[in-house]
Amino acid sequence: MKMLTSTQRVEYAISLKEPDVVPIAIIGVNFNFAYCGIPIGEATSNPDLQAKAHLKVFEDFRPDIVYAILVPPIISEAYGSKVKVLVSGYIAVEKPCLTSRSDLDKLEKVSLLDNVKIKAGIKAVNIVKNSIGEQAPVMSGFESSFTTAIRIMGAEKLMLSLYDDPSFVHDALKLITDDLCELAEELVNAGSDMLFIADPAASSSMISPKHYREFALPYEKRLIQKAEQLGARTTLHICGDTTNLMADIASIKPSIFSFDQKVKPKTAKELLGKYCCLMGNIDPTLLLTGSKEEIERAVAICITEAAVNGGFILAPGCGIATKTPPQNLQAMINSARTIGIYPIKTS
Amino acid sequence: MLEGDVIRGLRKVSRDQLKHEVIRCIVEGDQEESIRLAHKVLAIGINPYEAITWCSEAMKLVGEKFERGEYFLPEVLMAARAMQAFVDVVKPHLKIDKTIKKATIVLGVVAGDIHNLGKNLVRLMLEAAGFNVIDLGEDVPKEKFIEAIRESNAEILGLSALMTTTMLEMKEVIKELIRNGLRDKVKVVIGGGPTTPEFAREIGADGWAPDAMEAVRVIEKLLER
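First to last, the sequence lines map onto chains A and B. In terms of my numbering, the first sequence opens at residue 1 and continues consecutively. In terms of my numbering, the second sequence opens at residue 1 and continues consecutively.
Chain B extracted, bound-state conformation (with noise of 0.2 Å):
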């Protein structure tokens, strides 16, 4: 064998170990040893958007724990934010061009609901996925999530809420949305607590999320379209 097929042959091992490593950290919610692999990641020379996609690999798994009942909401967040505090190392050695240049998606909780736990989890898996995220907060007025579209020519608009009552406010942007004649230049995507892919047919939105992990895949669907 030659020698540089050996380094390269090390090279393959020490990338599927540090690979292997950094998604059962995140998995495992640990921030300070995320922390850690990310700059051994540029240490050793990995590709920063390759070690990014570990991340939705990692967030992937945390998902399906997620469905399965083994893990629960603190679970979640240990490892988004051990995830996010990897991406935030990683992140700034991106270089622009290597990027793909991903849809842009407006994000907010209603107007009369201030339960944001689960669109700040939305924006955290849309945004280690690539995606240009403009969240507008919560107990945001309708006119706010027009303005936000027509200003960044967004292609997807992200709705959550988790009460009853609020949940019908969905349906009031969405119906500002055809006032403005935006309705065909956007697709709605709509989450949260009571809402069903019933109601999300009833208020005529493109797609619906049970968690932030899912959310993603129906994203990339819609977009796909």
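If we strip away everything but chain A, and leave its shape as in the complex, we get (with noise of 0.2 Å):
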């Protein structure tokens, strides 16, 4: 087969056919900061510094597609919720805005658009799209809106209220999930070609999978067919063990799902690939900490299990850690070039 660009070979497996080669992403934002030497403080105000980095690691690593997410908790901060920088470069939600019932109304009132730095990171997306143009997808996006709705509620408070308080956590998704849909809608005029959707917290290491379907599911499912109105690819990431999870997945149809480290590949192909391109799933630990024979030998697993036919993207199971060496990384993409050429060899 010829060689594709990124932008085809993201799109064939998408559509679950065998591109040239396995697309590889690199998942992390906070990552592509670190690398660049960027104070994650300094970046979330500055478009042209966000940009530098999305495309800073682009080119240094040559994955499939630019990653330039917007830095998870500043939707929490335009909410009203207290932030703070920690020492290992990311950023927290210290106090969270939203409490009680009544703070909705004040939750009604933001506009996120409106946003210093929520305008900042679609501005950075516009600045790398226009820089990458049709050379690769650009996936920016943001977490759900179960995920945003534990941050601004903080996990304890939200935990509690899916039985508390049922229908004040629906009221507050519903809220959230408004203000996603309009961001989406930016963020795809901006230049983005795909969003990502992560929702780590709706993952069944959290919540069962009944709690999924009644307050996550159907908020990731009105976010997927906003993104697919606007004409954007879908990645919905969720951590931990989904294998539970998988047939629900499967309903609200993603262009991809991102599967954490958790779950065997396999398991995922088997469950899910007949129904959406799959993406992940090298643990970040080992990025980490691993060696380069190790990182091979996960790149490997992966790619039997779960590229054969198409429909596969080579990923980190997860986003990965600031200090992880940038040598790892290499480590994964040069034995995913090599051993990811279709057809795969399963032997």
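I should point out that these hints are in silico values taken from the structure, not numbers from a laboratory. Positions of the beta carbon are idealized from the N, C-alpha and C atoms, including for glycine. Some hints here could point you the wrong way.
What the hints assert, rightly or not - Computed spacing ranges between beta-carbons, pair by pair:
1. Y163/A <-> E67/B: 14 to 22 Å
2. E42/A <-> E176/B: 27 to 35 Å
3. R68/B <-> Y163/A: 17 to 25 Å
4. D184/B <-> V87/A: 27 to 35 Å
5. L230/A <-> E147/B: 51 to 59 Å
6. E67/B <-> A247/A: 17 to 25 Å
7. E50/B <-> L113/A: 54 to 62 Å
8. T53/B <-> Y163/A: 25 to 33 Å
9. E220/B <-> Q330/A: 39 to 47 Å
10. L223/B <-> Y163/A: 29 to 37 Å
Both chains are sitting in their own frames, so use the hints and assemble them into the complex.
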């Protein structure tokens, strides 16, 4: 097969076909800044710095997707939560802003699109897209409604509210989803070809499949449908063990489902491979601390179990750590470029 | 049968029944009912210390349900809250001399990480098991752990992290213990999302726990040695 562009390669995978070689993505927005030595606190309000980081990671490692998602807690901050920058290169919510039903009125008045940092994130996507053109798809995105709710309410409060006051949780989720739909539109208008919708808190390591179906799935579905209307591809990412959620995930049809290292690639392929493209699942801990040989072995397992017949993108199973050694990422990419040539050899 | 035996027998029946009810209502996470039952416990003169041990039994069942995938974090949190409510009513009635002096544990989420849900559950479980817990909170610099261990003479240090990046900080805390000559004075137990028993061994920790319920068992075992 002739060599495809990254954009074509990803499109083949999304159409569940075999491209020339398994496409690759690197996920972990905080890594992008750490790798370029840009303090995250500065990056969030500076579109040029953000774009520089996203482009540098793309240029240095040459994956097939430009990863340019909004720094997660800025949405929570825009709603009024107090955040702080941690020494580890992450931003965390220090004081959630949604503690009772009466706070919903305040949230109602917030326009995410007027927030300086969100504007900066959207602008960064635009700069990235203008620079990349059609070389590779640009993937922006944000955390899904349930995970945003957990950030703005605090984990304990939200989880107890699932039992204490489910209608309050739904009201919050509806409000957040409306806002995220508007944000999705702006990101696509700015040049985002794909939307990464991350819902780590919806994982079965946190809540039951029953709660997932009630509180996470319907809102993920709305966001996916919105992106589809806008003509953007979607990547749904849920951390932890998602084996029991895969039938539900199949029903909401993301273009790509990004699965975590707690799921065996083989299992994901069996359960979901017919319904959507899969992306995963090299363990970020391995990328942080493993040897070149260990990483190569993991890539081989992943590709032989999940990439046969296409419909697969090789990527870390979750956002990579800020201190991930670049040579480890390079090892992941080099081996995927070799082992991942179609047709895949399974032995 | 003598009248006294009958009364004692009835007391035993009602105590067993009450115990059963307390355990059920904690497992089901019924906070209001657990407060009502706590007052009943005190009213009929059951030893508060014994009543608190029922909580451990209840949380053991919760732990089993969690392991079997019947319970998830919201259900565990509901149970923990019901237990806390029960303990809050009963605890003031504990007579100090009747409680066994248990070990002191310093607990915290390491620097760079603010995910405190797991750590908070560990604290609750340990407190219910009668330990003296010093909770340093989250995003705790290594120096603060050292300071707290020095001040409290703690026997156990519990470290938690949820992120891949920050779990490496646990190793730094252990190095800091060595630098300060405290490594032999305290046993280190770690836990949290990305950690594994192999990782615990690698960084030189003494124990690893997959969840809050197991943490109590691991710590009790370490203290027996």
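These are the hints, each one checked on the structure:
1. Between Y163/A and E67/B the C-beta distance comes to about 21 Å, which sits within the given range of 14 to 22 Å.
2. Range check, E42/A to E176/B: about 29 Å between beta-carbon atoms, so the 27 to 35 Å window is met.
3. With their beta carbons about 20 Å apart, R68/B and Y163/A fall inside the hinted range of 17 to 25 Å.
4. At about 28 Å, the CB distance of D184/B to V87/A agrees with the hint of 27 to 35 Å.
5. The hinted range of 51 to 59 Å is satisfied by L230/A and E147/B, whose Cβ atoms lie roughly 53 Å apart.
6. The hinted range of 17 to 25 Å is satisfied by E67/B and A247/A, whose Cβ atoms lie roughly 23 Å apart.
7. Taking 54 to 62 Å as the suggested C-beta distance range, the pair E50/B and L113/A conforms, at roughly 59 Å.
8. The hinted range of 25 to 33 Å is satisfied by T53/B and Y163/A, whose Cβ atoms lie roughly 26 Å apart.
9. Between E220/B and Q330/A, the C-beta spacing of about 46 Å keeps the proposed range 39 to 47 Å intact.
10. The supplied range of 29 to 37 Å is met by L223/B and Y163/A, whose beta-carbon atoms lie about 35 Å from each other.
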